[in-house]
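Novice: This is what each chain is made of:
There are 4 protein chains.
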Amino acid sequence: MIRMPTRFHHAAIVGKYQAQGIRPLLEDIAQFLVKLGLEVSFESATAQNTGVADYESLTLAQMGEHCDLAVVVGGDGTMLGIGRELARLNLPLVGINQGRLGFITDVPVDRYREVLEPMVAGDYEEEHRTMVEGGIWRDGEKIFDGLSMNEVVVSRGATASMVELRIDIGGEFVANLRADGLIVASPTGSTAYALSAGGPIMHPGISGLLLVPIASHTLSNRPIVLPDQGEIRIEVVAGRDASANFDMQSLASLLHGDQVRVRRSAHKVRFLHPRGWSYYATLRRKLRWHEGVV
Amino acid sequence: MIRMPTRFHHAAIVGKYQAQGIRPLLEDIAQFLVKLGLEVSFESATAQNTGVADYESLTLAQMGEHCDLAVVVGGDGTMLGIGRELARLNLPLVGINQGRLGFITDVPVDRYREVLEPMVAGDYEEEHRTMVEGGIWRDGEKIFDGLSMNEVVVSRGATASMVELRIDIGGEFVANLRADGLIVASPTGSTAYALSAGGPIMHPGISGLLLVPIASHTLSNRPIVLPDQGEIRIEVVAGRDASANFDMQSLASLLHGDQVRVRRSAHKVRFLHPRGWSYYATLRRKLRWHEGVV
Amino acid sequence: MIRMPTRFHHAAIVGKYQAQGIRPLLEDIAQFLVKLGLEVSFESATAQNTGVADYESLTLAQMGEHCDLAVVVGGDGTMLGIGRELARLNLPLVGINQGRLGFITDVPVDRYREVLEPMVAGDYEEEHRTMVEGGIWRDGEKIFDGLSMNEVVVSRGATASMVELRIDIGGEFVANLRADGLIVASPTGSTAYALSAGGPIMHPGISGLLLVPIASHTLSNRPIVLPDQGEIRIEVVAGRDASANFDMQSLASLLHGDQVRVRRSAHKVRFLHPRGWSYYATLRRKLRWHEGVV
Amino acid sequence: MIRMPTRFHHAAIVGKYQAQGIRPLLEDIAQFLVKLGLEVSFESATAQNTGVADYESLTLAQMGEHCDLAVVVGGDGTMLGIGRELARLNLPLVGINQGRLGFITDVPVDRYREVLEPMVAGDYEEEHRTMVEGGIWRDGEKIFDGLSMNEVVVSRGATASMVELRIDIGGEFVANLRADGLIVASPTGSTAYALSAGGPIMHPGISGLLLVPIASHTLSNRPIVLPDQGEIRIEVVAGRDASANFDMQSLASLLHGDQVRVRRSAHKVRFLHPRGWSYYATLRRKLRWHEGVV
Chain G
0 MIRMPTRFHH AAIVGKYQAQ GIRPLLEDIA QFLVKLGLEV SFESATAQNT GVADYESLTL
60 AQMGEHCDLA VVVGGDGTML GIGRELARLN LPLVGINQGR LGFITDVPVD RYREVLEPMV
120 AGDYEEEHRT MVEGGIWRDG EKIFDGLSMN EVVVSRGATA SMVELRIDIG GEFVANLRAD
180 GLIVASPTGS TAYALSAGGP IMHPGISGLL LVPIASHTLS NRPIVLPDQG EIRIEVVAGR
240 DASANFDMQS LASLLHGDQV RVRRSAHKVR FLHPRGWSYY ATLRRKLRWH EGVV
Chain L
0 MIRMPTRFHH AAIVGKYQAQ GIRPLLEDIA QFLVKLGLEV SFESATAQNT GVADYESLTL
60 AQMGEHCDLA VVVGGDGTML GIGRELARLN LPLVGINQGR LGFITDVPVD RYREVLEPMV
120 AGDYEEEHRT MVEGGIWRDG EKIFDGLSMN EVVVSRGATA SMVELRIDIG GEFVANLRAD
180 GLIVASPTGS TAYALSAGGP IMHPGISGLL LVPIASHTLS NRPIVLPDQG EIRIEVVAGR
240 DASANFDMQS LASLLHGDQV RVRRSAHKVR FLHPRGWSYY ATLRRKLRWH EGVV
Chain H
0 MIRMPTRFHH AAIVGKYQAQ GIRPLLEDIA QFLVKLGLEV SFESATAQNT GVADYESLTL
60 AQMGEHCDLA VVVGGDGTML GIGRELARLN LPLVGINQGR LGFITDVPVD RYREVLEPMV
120 AGDYEEEHRT MVEGGIWRDG EKIFDGLSMN EVVVSRGATA SMVELRIDIG GEFVANLRAD
180 GLIVASPTGS TAYALSAGGP IMHPGISGLL LVPIASHTLS NRPIVLPDQG EIRIEVVAGR
240 DASANFDMQS LASLLHGDQV RVRRSAHKVR FLHPRGWSYY ATLRRKLRWH EGVV
Chain A
0 MIRMPTRFHH AAIVGKYQAQ GIRPLLEDIA QFLVKLGLEV SFESATAQNT GVADYESLTL
60 AQMGEHCDLA VVVGGDGTML GIGRELARLN LPLVGINQGR LGFITDVPVD RYREVLEPMV
120 AGDYEEEHRT MVEGGIWRDG EKIFDGLSMN EVVVSRGATA SMVELRIDIG GEFVANLRAD
180 GLIVASPTGS TAYALSAGGP IMHPGISGLL LVPIASHTLS NRPIVLPDQG EIRIEVVAGR
240 DASANFDMQS LASLLHGDQV RVRRSAHKVR FLHPRGWSYY ATLRRKLRWH EGVV
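In the order they appear, the protein sequences are chains G, L, H and A. Take the first sequence: its letter number 244 is residue 243 in numbering that gives the first Met the number 0, and every next letter is one higher. Take the second sequence: its letter number 273 is residue 272 in numbering that gives the first Met the number 0, and every next letter is one higher. Take the third sequence: its letter number 278 is residue 277 in numbering that gives the first Met the number 0, and every next letter is one higher. Take the fourth sequence: its letter number 225 is residue 224 in numbering that gives the first Met the number 0, and every next letter is one higher.
Don't take every hint at face value.
Copies of the same chain are indistinguishable here, so a pair counts whether it falls within one copy or spans any two.
[Said to hold, decoys possible] In silico DMTMM-like links for lysine to aspartate or glutamate, alpha-carbon gap of 20 Å or less: (1) Lys141 <-> Glu55; (2) Lys267 <-> Glu230; (3) Lys267 <-> Asp67; (4) Lys34 <-> Glu171; (5) Lys285 <-> Asp167; (6) Lys285 <-> Asp109.
Bear in mind the hints are in silico, worked out from the structure with no lab data behind them.
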């Protein structure tokens with residue numbers, strides 16, 4: 000957790016894709032930020048989808064050049080898509096959530112005024128989240144490039160009974176895995192797909208990556224927490240129609256011998272939280288620990 | 000466990016598909032059974048694949064009419080394929096295994112003489128295994144028919160992040176499941192894919208089916224053991240390119256609204272075991288309980 | 000599920016132990032049942048604890064003789080304690096819950112009038128739940144006798160690192176287990192402690208028992224669903240201060256060689272549910288499937 | 000992994016406690032080390048238990064002063080006991096195993112000559128393992144002090160149904176846990192008890208601790224990987240006779256309000272491995288990944 004008492008000057012507003020109905024909300028937020036003294040622009044796709052024309056429209060690259068804050072309106076899925084891009088631009092973001100609060104969206108829509116005001120004035124907590132990046136290699140050439148906030152998944156084809164994967168880490172052989180697939184997750188991704196597949200929760204402060212087999216044939220192939228130095232290589236050894244997924248980007252029809260290579264990215268997502276934000280409180284809320292399910 | 004002191008008269012030999020190299024072994028077994036006084040035929044595909052021509056070749060239907068025993072040479076996969084067919088013919092089978100013994104192949108190849116001799120004379124134990132059958136329905140019409148010894152699986156497309164399934168049992172709504180997929184397993188299937196996905200072991204004597212979600216989003220969607228009366232209906236509610244698998248037979252590209260319906264089959268696989276066979280001993284051996292993994 | 004269109008004539012009221020504050024509620028329920036034409040008595044401990052003196056007070060044995068219905072006010076814990084006793088008397092029970100509804104208490108306190116009225120008139124569903132019973136044997140003698148609605152647990156002493164247990168089922172050796180302990184659960188118990196230890200949910204209609212190792216050293220010692228014929232013998236082989244628990248009754252300081260023997264009880268708990276009650280609806284509510292935890 | 004090309008000069012030999020039969024082996028190893036030019040002493044308890052009198056006998060404190068290497072003969076349990084002590088003395092150790100190789104004993108007894116020779120000459124790999132230390136606090140006073148290589152466990156009394164624990168990390172509230180107990184494990188401990196309780200494997204290179212609930216009532220209370228800064232406080236809120244275990248040292252009969260406080264220790268265990276040692280190879284061997292259990 001890094002605290003930086005910076006006042007912001009130029010915010011970009013980013014909205015949920017395919018959500019035309021949020022135009023009034025985005026305009027309210029924009030006006031509110033203008034009133035607080037900020038220059039306000041709209042991310043160009045958001046402007047186009049919603050028809051907002053009263054504000055300057057900026058491409059992502061332009062946002063990286065001119066803005067010092069991104070205000071993202073949507074759920075965890077929206078944050079996942081845009082966070083990856085903003086990380087490349089080193090632009091911090093704060094998430095306003097219209098529905099049920101997510102793991103990485105902190106501000107409920109009905110309280111955004113009271114929460115954002117101190118934040119844009121510099122009273123916030125900043126947290127950096129590790130990302131994973133990598134590529135797919137075939138016959139010595141890279142055929143796909145990916146960057147993920149949550150995870151990279153290699154999985155079996157839909158009608159195949161399994162995929163066999165050879166795993167090497169930092170040049171060292173680890174295991175041959177026969178399973179539905181394998182997840183390489185960042186700490187942020189540990190509460191997403193990896194959790195469903197039986198992985199542990201990883202505090203974002205851990206310098207590590209998480210390897211979670213999906214329905215492994217060998218029962219002792221348990222999730223492994225790895226240091227985040229060194230490259231993880233996953234080679235498709237057997238199984239029809241395996242595919243690789245980097246968050247939402249996919250490459251299907253992997254061939255035997257194809258290698259998915261994953262490592263910690265140099266880019267980090269910069270989340271801004273309201274002062275007093277707590278990772279553990281987020282876990283309690285999302286996992287309903289307080290309600291005692293069963 | 001049902002004991003029936005029946006002497007056998009006409010055995011059919013079934014070999015591992017695609018295994019030309021087993022011809023000498025199949026001929027040895029055939030000669031041995033002839034010496035014991037049995038009439039011996041070859042399943043026609045086995046005869047064709049191996050080139051064995053000295054014995055009568057029978058189709059499966061003919062085997063059902065003329066034979067009272069099938070001797071299957073191969074592993075659990077071979078048994079899975081042929082067992083399903085033999086169940087329809089009500090023909091009992093005994094499995095001879097060339098490699099590591101499986102869950103459902105009892106006789107190691109180097110001991111088949113001493114093990115088979117008392118068995119063909121009527122000294123054996125017979126066990127009946129429940130199967131599941133079902134179909135896929137689209138717009139009120141059945142578009143696929145399947146029979147499984149192990150399981151029926153409905154799972155997400157390779158590049159989809161999940162499939163949403165609505166589950167009804169015996170006409171009663173159970174749950175909407177968002178997951179990688181859902182397994183409906185027989186007791187025999189409980190030690191196959193269902194075990195990898197986190198399910199329990201089910202003794203074959205249980206009159207029940209097993210529902211195991213694969214990587215469910217909701218952590219409390221645990222495996223459920225169900226009575227084997229009543230039909231299980233699984234409707235694809237959301238998710239691209241879901242597929243259904245009945246053991247090894249697959250149908251891909253399911254549409255939203257498609258229903259996979261599964262119920263206990265009226266057919267049972269009739270396994271013959273050497274006297275003294277023990278289900279628990281098989282578990283110990285296959286799961287290496289005695290060695291204390293970790 | 001068995002439907003029996005019987006009108007009830009004599010109800011016994013049983014209250015949560017140690018809950019003096021529930022006297023007004025119990026009296027309201029009693030008056031309501033009297034108005035519906037039933038004779039009403041109070042279980043003697045309930046009468047004593049609450050000071051209710053206007054109704055006949057009956058021992059459990061007398062309840063078995065004179066009553067045809069028990070109305071139990073409390074939570075799952077109260078039901079667990081009294082259900083075991085009522086099963087011996089073959090007396091059906093309906094549970095009224097003051098707090099959050101449980102797995103086996105169906106009637107919320109604020110709706111008891113509308114729910115009970117048709118039930119006492121014979122419009123209800125009756126469900127029978129399997130119980131487990133057993134004893135602890137030392138040097139050939141039984142030193143403890145127990146009956147459980149949920150489970151029998153054999154577990155390590157508090158400062159021991161593990162207990163080693165030898166498991167035999169129906170006279171057949173199953174495994175030596177090194178673990179924190181072993182749970183033998185009824186279907187009803189499958190959603191209690193056994194679920195926390197990694198077991199599956201077992202529909203109450205399954206004729207089976209559930210064996211769930213607690214933190215087993217051997218990772219492949221998975222939960223097993225067993226037919227409910229045959230006795231399960233659990234012998235303490237190693238480990239200091241092991242103990243056995245039958246629901247809430249415990250025997251500590253087991254010695255090496257002590258045997259815990261468990262089998263399905265001949266007694267069944269007879270639950271009465273409002274017409275339209277659904278086991279799956281109870282699972283959805285208790286496990287919050289509809290809310291999608293995570 | 001740190002490589003230090005140091006030649007050793009004075010080895011202390013430490014043997015499995017209670018293992019009188021190993022005297023000849025210990026003497027063989029001692030003679031072999033003398034031949035290699037090392038001064039050799041015996042840890043005093045080892046000397047006493049085995050009756051070895053030809054070598055200087057040193058207390059642990061004296062070993063810390065005079066020796067630069069400890070050669071430990073035994074299994075993982077022996078290493079666990081002595082490693083903790085040697086860590087305080089900053090003395091590196093190498094483990095010779097008589098039985099099946101463990102997670103932290105590298106040298107099989109029948110190959111110790113060829114393996115030790117290059118190691119004592121300085122050709123080895125050194126690895127540092129994190130330990131956890133802590134204490135138990137009652138009414139503001141520390142009543143117990145502990146140091147663990149594997150884990151600290153707080154668990155329920157033998158006849159209690161559960162313990163309720165309040166968890167705070169670095170002064171921040173995390174959760175109230177109702178469970179059989181809670182494990183705080185080091186990376187080394189992740190393949191011990193924590194693995195049995197459902198935790199992930201943690202590479203020793205991870206700067207983190209592992210929190211694993213044992214049979215938690217709330218299904219979403221999953222294992223958590225935590226940064227190893229900050230103190231973990233575990234307060235007993237409810238439950239009879241809870242106990243705390245630091246590796247093999249125990250304190251029973253904890254009272255409500257007692258606090259178990261755990262943090263990373265400043266001491267590290269210094270393991271010496273033969274050149275080419277691989278953590279992943281150890282996992283493969285111990286977890287039998289290569290054999291494909293099931």
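Novice: Name the hints, by number, that the structure is in violation of.
Specialist: The structure conflicts with hints 1, 4, although it agrees with all the remaining ones.
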